[in-house]
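Chemist: Here are the chains, one letter per residue:
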Amino acid sequence: MVAYAWLVPLLPLVAYIFLLCLGRRAPEGIVTGVSVVLTFLSFLVSVAVFRAVGSNPDQVAAYTFHWLTVGSRSISVGFEVTHLNALMLVVVTLVSTLVLLFSKGYMHHDDRFAVFYQYLNLFVFSMLALVISPNFLQLYIFWEMVGLCSYLLVGFWYFKPEAALAAKKSFIVTRIGDVGLFAGIILLFLASGSFDYNTIFVAAAAHKLTLGWISGQALVTLTAILIFVGAIGKSAQFPLHVWLPDAMEGPTPVSALIHAATMVAAGVYLVARAYPLFQASPAALTTVAWIGGITALLGALIALTQRDIKRVIAYSTISQLGYMMMALGVGAYAYGVFHLMTHAFFKALLFLAAGSVIHAVHTQDLFEMGGLHKKLPLTTWTFLAGALALAGIVPFAGFWSKDDIMSATLQSGHTVLYVFALVAAFCTAFYIFRVFFLTFTGEPRNPAKYENAHEGGWVMNLPLVVLAVLATVGGFFNTPLNGNGLEKYLLADGAVGVTYSENVPLMALSVVIALLGILLAAILYWRPLVKPERLARGFGFLYQLSYRKFFFDEIYGAVVVGGGKVMAAIVDGVDRYIVDAIVKLVGRVVYYLGLGLKYTQTGQVQTYGVVAGFGLFIILAIAMYRVGGVF
Amino acid sequence: MAGGAPFPIPTGSVLALAAILFCIGLYGALTKRNLIIVLVSIELMLNAANINLVAFSKLSDKPSLNGQIFSLFTITVAAAEIAVGLALLLAIFRLRKTSEVKDLDVHKW
Amino acid sequence: MGLVFWLVVAPLIAGLVILLVPRLGAAVHRGLAFLGSAAALVLTAVAWDQFQYNITGFQHVTALYWFTLPSLWHGANPNGPGNLIIGLSFGVDGLSLPLLALTSLISLLAIVAAKRSVERTREYYFWISLVTAGLLGVFCALDLFTFIAALEITLFAMFFLIYIFGEERRQSAAFKFLLYRGLATVALLVALVGIAYGAAGAYGSQQAATLSGTGLSFDIPTLTNVMHTVSTQAFSSHARSWLFLFLLLAVFIEEAFVPFHTWLPTAHESADTPTSMMLGGVLTKTGAYILLRFGVGLLPGEVRQYGVLIAVFGAINILYGAFAAWAQTDWRRLIAFGSISHMGLVLLGIAALNAVGLQGAMFMMVSSGLLTALLFFLVGAIKDRTETSRIPALGGLSRSLPMLSGFLLVAALGSLGLPLTSGFISEVQAFIGGFDTYPVISFVGVLGVILSAVYLLYAMQKTTFGPLDPRYGELVDATPREYVPALVLTALVLFIGIDPKVIGELFGLSVNALMRIGG
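Chains as they are written, first to last, in this note's numbering: chain A, -2 to 628; chain B, 18 to 126; chain C, 7 to 525.
Derived by calculation from the structure, the hints in this document are not laboratory data. Among the hints, erroneous ones may be present.
[What the hints assert, rightly or not] No farther apart than 20 Å at their CA atoms in a straight line, the calculated lysine to aspartate or glutamate pairs in the DMTMM-like style are these: (1) A:Lys157 to A:Asp305; (2) A:Lys157 to C:Glu174; (3) B:Lys114 to B:Glu60; (4) A:Lys562 to C:Asp55; (5) A:Lys372 to A:Asp362; (6) A:Lys562 to A:Glu551; (7) A:Lys581 to C:Glu174; (8) A:Lys372 to A:Glu484; (9) B:Lys49 to B:Glu60; (10) A:Lys581 to C:Asp390; (11) A:Lys371 to A:Glu484; (12) A:Lys595 to B:Asp122; (13) A:Lys595 to A:Asp577; (14) A:Lys371 to A:Glu551; (15) C:Lys507 to C:Asp55.
[What the hints assert, rightly or not] So these bits of chain A aren't anywhere near chain B, every CB distance computed over 12 Å: (16) Ser71; (17) Leu594; (18) Gln601; (19) Val607; (20) Ala609.
[Stated by the list, open to error] Computed footprint of chain A on chain C; a stretch qualifies when at least three of its residues, placed anywhere within it, have a C-beta under 8 Å from a C-beta of chain A: (21) 291 to 301; (22) 311 to 317; (23) 384 to 394; (24) 434 to 443.
Don't be surprised by glycine CBs; every beta carbon is placed ideally from N, CA and C.
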């Protein structure tokens, strides 16, 4: 069965090509039907592969064929199945199927409906191909391809200037990260002779990675950090997180699929896949942990004050990705991946539910919503499930994974990071329930919009229900109650990372913190005992800091973009007025020389005669005295 | 009779005479304003060359008749050339109403 | 008369027929030019098909003798021939074959892209055919005389194309083009003839010259072999350095490397679409070809010696080109500077002087040629409709011109090196080579990858995204005359990106040959 893993990315590609041939006027039903069916088949194959790999730990395999010869070395492409990516295949195909189904309702009547599905299928293909890549180069190829699909989908409504700008920003900011990944994999190729994962890891472990100018531990750290820079870009970690909130300009299914469950998780996947390299460099792991921790806190703090429902969830994604990175950084490989899985479920759920709300009331501003639980009951309950999972309340999925991460952080000695995580957990519970209360409870703030609100059809409700179920029970893949099954499964790939024993007091502490957050949200927004505006004014500058996203966009805009534009203007100026001027100068010099010389043409024959005679005299003098005669 | 004249003519003086005449002619050709005088000066230069030719035909190491014969050629050429020159001069005078050299500057910038 | 000879001569014959036969009419002129280029393309395909991958050296060699210059240099080996044989010789190897295909294909597509409204079609198609023949001759010349003759032909043919058929300020642009590249040809002549003399022993000690054995020859394979074994007594390194610097000057001007690049944006601004396609797509690759064939082939030691200088200029080109492109407001100047940026990467790859870098440089030549031609073609199509190629004046074209905008997006993505396009294959190989030899310079150069995304996506966003400018609401999208060339070029870009082996094998052969000689 493992040998058929190549079917998994192939089926969405077939869907893409089929939709391309059908053209943009294809009927919505066929478009959705083909996409969903093929992706669901991919899901079934993934499940089969997952089970095959799980039941027989030796079933990991790689199939490659030659792609290009460079000098004396050969680069190959193909696919590879490990425990890690078998799990990823299942998660990606499942969430993709549900989003493809959901989009039928959300994008109904859009006149580029078929194009949207084409892009989505292309994305699913690229993401799956990324996951089963057997070497760094193929991973990089599909890494950029998912970036492209993200660009196309964020800018789907391209006639909106904000969407076009957001698409450009997402591509360029992730490209900054991609350059790091590019340099890193090239250095690894030069040091080890191959892009292949296993070759590189074996060489790294045996301290055999050397280049002429850097070797050993320094080289491993450098390449690991360069690879992590790529992950920072794609997974929207600090300081390259600024693209993700803007990417919310894209349709909500895009946010659910790409910017919550899959593409942004690619960075986490990359670090996990390259984990043996990171393990060889404690400095790199520390960097990962700290960046993750800072991101977790930063995202949570900004999410506290945002007004747009999608932006809150976007910052939440940034924060949760920070948790995953932090987990990987402290050595808890399995927990990071576990959180990736549970997060995929509940975050996709939250986005789709938000999409259902937006579809109902045609606004994204929290302060125009309210009281929607009467009009949208299903959405309310599913959103609640997602919120509880995100906040980390037992027994929802998020609790198990987040708690694993936090206890691993504390137990590995990173106390400061643990505190960050704990504060972030409090904020997480607060902000998500702020959204819940503002959206679904209380009185409608905009009666016109409220009146027309209604649930989407079954195509939108089914995915919500499925994801809500998964958000509720998904945690049970890896709990002490069932023997930490996922952990054992993942660690069968090789002894990566460390595991920590459960610690009940810590678990209790995190639940209490989360409940406190929910309580605060309730006090402010459900049964307001304190007016939120007074609290905001009380916090003064801190509130502004959070609301204005810590001014990252402004700083980057001025320094990076502004600096770049200045540089470009300088170069253009140099080009036009210095380099080109020198070229023109040469021409001018010759012209003026000619202009000066024309005065020798007096038209007087006698003058010519005098000059000629004089010249003849000089020649004869030279001939007589230097050469010795004319003949 | 070779060299047996009442007194031998020193070669240097003859050459000097030719050189002086040549220089006078050159000076006249390059500085005179009137076209006719320029033509006359050119004639002077040609005759100076003739003197040289005749002198060497008698006073050189191997005296021969070649120099004198060649001077006949030169005289003929000079005559032809002055005929053409005077014809041109007449045409220029009819066209331009001037025979000043400095007025003939069509090739000026 | 071999295959390759007819390949070069076919467009030339077509051009002569167009020029000399009276009263043929515009359609016939166009058709003849098309046939000439098509014949060249077909013959290239045949040569490709018959190419044998397991033998070294040049294939399909045709040598035509013209005359001999006897005892040209009396200082040459008195026992050996001092005669210089002048003639034409052509042949192909792994490097020239893809470039020949590129030339004939882009020439064909340029003819298709030419507007029906061109007046003076006789001269127009004659000059285009002449440029094609000249470029084909450049890439398969096996003899210095043939090479320089072909280069000169392209020079003045392109001059006339810009001078007569260009747009605003065409006269000054054409003259700048001619004089600047004329200077390059002078430097090239000095360098190449100097190398030929040096290989015969003119710049070494007398004794070594006697021992060198071969006489004066302009034949490129012979020169390559001699230069492989010649010692520093026979050809002093001082002389070689000077000759290499002349060669480098010629290359820098021909290829429009900073700081000798200013003729290129000016020429592109003033040339019409087919001329720009030929200029940007093929003519700007001759410099890199010279560096590979004569620099790495004949003077590899000097390439290594000046490697740091070349690599630094490579990085400067990448960044200068990218920054300047960002600041441009005209699409054509932007594409020109983008091309300069790509060629900087070629320079870096060659400076690295390892198999990967050289192969990457070769890939980039082909890739950049295809993409530049495609971009100029699309911008020309847009300009036909909107009367402008200024970026601030355009907007929202995806609404009214979806097909053209789609092709433009693919072209932009190829230019910025998205994987699965030829741009990525070139970049990754060139950078692998660069990082191997000059890691610090390559780190600086790799920032160009970010910048290329910036300027291309900025231009795309302004042109195709955003609200539709009302002036452009009623435009007609691509006609078959327009989307077929775009489709062909796009397909090739994607094909090379997805399956690079096809061209990679050919380039690999050439790289192996160069590296064996270069060490």
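Chemist: Evaluate each hint against the coordinates.
Modeler: Results for each hint:
Proximity of A:Lys157 to A:Asp305 is assessed by CA-CA distance (about 18 Å); at most 20 Å being required, the pair is judged to hold. Note on A:Lys157 and C:Glu174: the hinted pairing is violated, with a Cα-Cα distance of about 35 Å set against a maximum of 20 Å. A hinted pair counts as satisfied when its Cα atoms are at most 20 Å apart, and B:Lys114 with B:Glu60 does not qualify at roughly 24 Å. Between A:Lys562 and C:Asp55, the direct Cα distance comes to roughly 49 Å. Violation of the 20 Å bound is thereby established for this hinted pair.
About 18 Å separates the Cα atoms of A:Lys372 and A:Asp362, which keeps this hinted pair within 20 Å; it holds. Among the hinted pairs, A:Lys562 with A:Glu551 is consistent with the structure: their alpha-carbon atoms are about 15 Å apart, no more than 20 Å. The hinted pair formed by A:Lys581 and C:Glu174 meets the criterion: a straight-line CA distance of about 18 Å does not exceed 20 Å. Restraint check for A:Lys372 and A:Glu484: the C-alpha separation of about 41 Å exceeds 20 Å, so the hint is violated.
Distance restraint check for B:Lys49 and B:Glu60: the Cα-Cα separation of roughly 14 Å lies within the 20 Å cut-off, and the hinted pair is therefore satisfied. As the CA atoms of A:Lys581 and C:Asp390 are separated by approximately 31 Å, the hinted pair breaks the 20 Å bound. A C-alpha spacing of about 41 Å is found between A:Lys371 and A:Glu484, which places the hinted pair above 20 Å, so the restraint is violated. For the hint pairing A:Lys595 with B:Asp122, the CA-to-CA distance comes to about 14 Å; that is within 20 Å, so the pair holds.
Annotation: proposed proximity of A:Lys595 to A:Asp577 is violated, straight-line Cα distance about 28 Å (limit 20 Å). Between A:Lys371 and A:Glu551 the CA atoms are separated by roughly 40 Å; this puts the pair beyond 20 Å, and the hint is violated. At roughly 15 Å between alpha-carbon atoms, C:Lys507 and C:Asp55 fall within 20 Å of each other, so this suggested pair holds. Every C-beta of chain B lies more than 12 Å from that of A:Ser71, the closest at about 72 Å, which supports listing it as non-interface.
Some Cβ of chain B comes within 12 Å of the Cβ of A:Leu594; the nearest lies about 9 Å off, and the non-interface call is violated. Non-interface call for A:Gln601 relative to chain B: violated, since the shortest CB-CB distance, roughly 6 Å, does not exceed 12 Å. Not every CB of chain B lies more than 12 Å from the CB of A:Val607, the least distance being 5 Å, so the non-interface label is violated. Residue-level check failed: A:Ala609 sits 10 Å from the nearest beta carbon of chain B, not beyond 12 Å.
For the region 291 to 301 of chain C, the stated coverage by chain A is violated: 0 residues have a C-beta nearer than 8 Å to a C-beta of that chain, whereas at least 3 were required. Counting residues of the region 311 to 317 of chain C whose CB falls under 8 Å from any CB of chain A gives 0; the rule of at least 3 is not met. Coverage of the region 384 to 394 of chain C by chain A is violated in this model, with 0 residues showing a Cβ closer than 8 Å to a Cβ of that chain against a need of three. For the region 434 to 443 of chain C, the assignment as covered by chain A holds, since 6 residues bring a beta-carbon within under 8 Å of that chain's beta-carbons and 3 suffice.
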